[in-house]
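Visitor: One-letter residues, chain by chain:
2 protein chains.
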Amino acid sequence: WFSSLIASPPRLLVLGFAMIILLGAGLLMLPFSHTQDSAPRFIDALFTATSATCVTGLVVVDTGTYWTTAGQLIILTMIQVGGLGFMTMATLFAIILKRRISLKERLVLQESLNQTSIEGIIRLVRKVVVYALTIELVGAILFTARFLFDMPVGEAMYKGAFHAVSFFNNAGFDIMGDYRSLVDYVGDPLVNIVTMLLIILGGLGFVVLSDLVDFRNMKRKLSLHSKVVLSMSGILIVTGAALILIFEYTNGKTFAPLGFGEKLLAAFMQSVSPRTAGVNSVDIAGLRQATQFIIIILMFIGASPGSTGGGIKTTTFTALVGAVVAMVRGKEDVVLFKMRLAQERVYKALTVTLFAFGLVIVATMILSTTEDHQFLMILFEVTSAFGTVGLSMGLTGDLTVAGKIIIILMMFMGRLGPLTLTYALGRKQGRALYRHAEGKIIIG
Amino acid sequence: WFSSLIASPPRLLVLGFAMIILLGAGLLMLPFSHTQDSAPRFIDALFTATSATCVTGLVVVDTGTYWTTAGQLIILTMIQVGGLGFMTMATLFAIILKRRISLKERLVLQESLNQTSIEGIIRLVRKVVVYALTIELVGAILFTARFLFDMPVGEAMYKGAFHAVSFFNNAGFDIMGDYRSLVDYVGDPLVNIVTMLLIILGGLGFVVLSDLVDFRNMKRKLSLHSKVVLSMSGILIVTGAALILIFEYTNGKTFAPLGFGEKLLAAFMQSVSPRTAGVNSVDIAGLRQATQFIIIILMFIGASPGSTGGGIKTTTFTALVGAVVAMVRGKEDVVLFKMRLAQERVYKALTVTLFAFGLVIVATMILSTTEDHQFLMILFEVTSAFGTVGLSMGLTGDLTVAGKIIIILMMFMGRLGPLTLTYALGRKQGRALYRHAEGKIIIG
Ligand SMILES: [K+]
Ligand SMILES: [K+]
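Those sequence lines, one after another, are chains A and B. Quick note: the first sequence uses the numbering used here, first residue 13, plus one each step. Quick note: the second sequence uses the numbering used here, first residue 13, plus one each step.
Worth double-checking, as some hints may not be accurate.
One copy or two, either will do: identical chains are not told apart, so a pair holds if it fits within one copy or between any two.
[To be verified] Here are the simulated DMTMM-like pairs of lysine to aspartate or glutamate, each with C-alpha atoms no more than 20 Å apart in a straight line: (1) Lys360 with Glu344; (2) Lys360 with Asp345; (3) Lys343 with Glu356; (4) Lys265 with Glu383; (5) Lys265 with Asp384; (6) Lys139 with Asp226; (7) Lys416 with Asp384; (8) Lys239 with Asp226; (9) Lys265 with Asp190; (10) Lys275 with Asp200.
Since the hints were made in silico from the structure, they are not lab data.
Using the sequences and the accompanying hints, generate a full structural model.
Guide: See the structure below:
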């Protein structure tokens, strides 16, 4: 059994994630982790550990006040490990220890980063770590500089570092206290822009980041993958911000009290964050229904492959849009930037999306029976968990135990992604020895 | 322009439907059609005509009291024409007039009935009409017999005939008055069973009906198409009824006051009706959220191809389920009843579904801004319009003019179906002369 496990990278990945979560939950149960007299319920510790490791950010207790600094650092470690991918970390240790990396280990790593070729994986890992730490460091310094105006040096440095790591890893955890997230900084340009840059850089995926650096250094042209990721990310951010600005402009609970510049900042923040950071600078429950629905759609689409974010991914969404456009125009091929996508890739995008839809629908239906809350609130929570986003209309704190278990499962499955899950579940299978005769049914 | 129109059956179909709707709306505006002193607003007449022609059943005024008998008969005619397909009717006239049917006319007809081969189309049309009228007649007689206990002979016959035609065509219109539908007959076995049989027979599609008759006469085995339609319809009805029974068992607003037999009857009725009849025997607004969500899913799936019903169709849904199962099991082929589905058909099912999802999502988002109602209510209404179902949580009567226009468009597009629409919109195109080079993006 153990050898068959090792032979299957996806299975190893699923198990590894599960182990880290259980370990983290155990640590959070210990007295030094929490500020209360009695230990948290195991389900709440498990929920927090899953949310941290899967970089989701949904919380059943307030991170800033319920956990001690030790507890918060345990959470931050899970975020960093979960965000960079624990297999990347494992390989990192291997490199540090100067061990030679075997082909098997490279394969495991490849699965974890969702890459298509083995070569250059090792180089990529080094880069991943260098980029990530560099970006996090710059973010931490900028945050600290800003927080110095509001708090003592030590606190400013701690909060600066915590939020830089949390936001770059698209984890959405905050220690502002009282579930406030960035609501106190809704109009602050520095905090908002640094936050958005951290989120976006974390969500592009390391392939694109590395591609961009090479591109800037004139080493080569952008790959099709990078072009698709960058343009679709841009389209989604701008469209989302425009719609949110229009819908919320006169909403007294959110945008109305703000100046125009602040409105613009808040619109972009609320458009960037659902994919899939989970930071909010206005009250999500106070948004109009149309805005909440847009956020649900953005959360479902999510970030880009091989990034710290979740969702069905920008590339999958692009393939879907391409398939529908091709159908409407009566064309056979999905064409992006004058390149054709292989039909089997479009097919893969369609099945992945359908699988994700299925998960969200089933979980929403179950929660509709276990939770006594409005449908939109439930759909929002489930999509947020699946997309590892962490935004909530306020359901998380009220969840029943059954509800918490479902959301934990959604966070876990959402982080690993439909492809890894199905590979992990699926029996190993070569090409079929025979195929059935073709039959016809009428579609549509 | 005219000749290019004739050359494109889908375009002709779209235009034909539009003409019938406008004609019907005009007739409903005339004084003899309505019981009020002033004429209905055009938008309301258009809404009613679209709802009738697209056999949807959403109504902005009560059919039983607002319209005169003449108005009701105009509506019933639109239902019959829309249900059997106006091209079927046109060809029927052609047969009656003993005109020879040209190849072009057969092609138009083929589009209308969504058939894959031309041969036997003419034979099929004759059968369609004979089956439909026979089934409607039997239904009318049974309804009349039951209604005789409650009302005078003339009224019983009229109501019997109206509801038999409306239900067989999955139109969902009722003339019980006060938007009551079948609520007064929730526990009546005869009315419920006849209604369900009419709905199911109308929703299987004529290919399956004809196949079944041949099968019963031992002429041949069931086709794969018929097997898929029959088994998926059965699965959906039984699963839906079971879930509805469980969720509503203790609901004071719906099932709780009923005896067990009545509960069972009501569960099956509410499971059969969303696909896509639109009849209800309990208050839809009073159902639990989980039940309302199940009904939304059933409405989206809808009936079977070439039937009087709408939705993405049972066969499309089966192909989707097959694709996900194949993905999870790591198999290459979608296999149903030991027959393989061509990948291009599965691909078609996926794009059709995605297109439908897109329509529902966009319409829901627009209505979220124009209507001041709960999200679930709006999603329910939009799905009901797209699936040409006609169930409502009560939004229809409150719709703004903008909302009515969106729902009219959804009913129209839902009835014609994504495939016909895209063919109608699409430029005629042969195989591309050249293909772009293949590019790669990372999916999922
Ligand atoms: K997150
Ligand atoms: K209907």
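Visitor: Hint by hint, note whether the structure agrees.
Guide: The hints, checked one at a time:
1. Lys360 with Glu344: For Lys360 and Glu344, both the intra-copy (16 Å) and inter-copy (11 Å) Cα distances are at most 20 Å.
2. Lys360 with Asp345: For Lys360 and Asp345, both the intra-copy (15 Å) and inter-copy (13 Å) Cα distances are at most 20 Å.
3. Lys343 with Glu356: both (16 Å within a copy, 13 Å between copies)
4. Lys265 with Glu383: Close across copies (19 Å), not inside one copy (26 Å); limit 20 Å.
5. Lys265 with Asp384: between (24 Å within a copy, 16 Å between copies)
6. Lys139 with Asp226: Cα proximity of Lys139 and Asp226: one copy only (12 Å, versus 68 Å across).
7. Lys416 with Asp384: For Lys416 and Asp384, only the intra-copy Cα distance (14 Å) is at most 20 Å; the inter-copy one is 31 Å.
8. Lys239 with Asp226: within (14 Å within a copy, 56 Å between copies)
9. Lys265 with Asp190: Only inside one copy: Lys265 and Asp190 sit 18 Å apart there, 39 Å across copies, limit 20 Å.
10. Lys275 with Asp200: within (11 Å within a copy, 58 Å between copies)
In summary, this structure violates none of the numbered hints.
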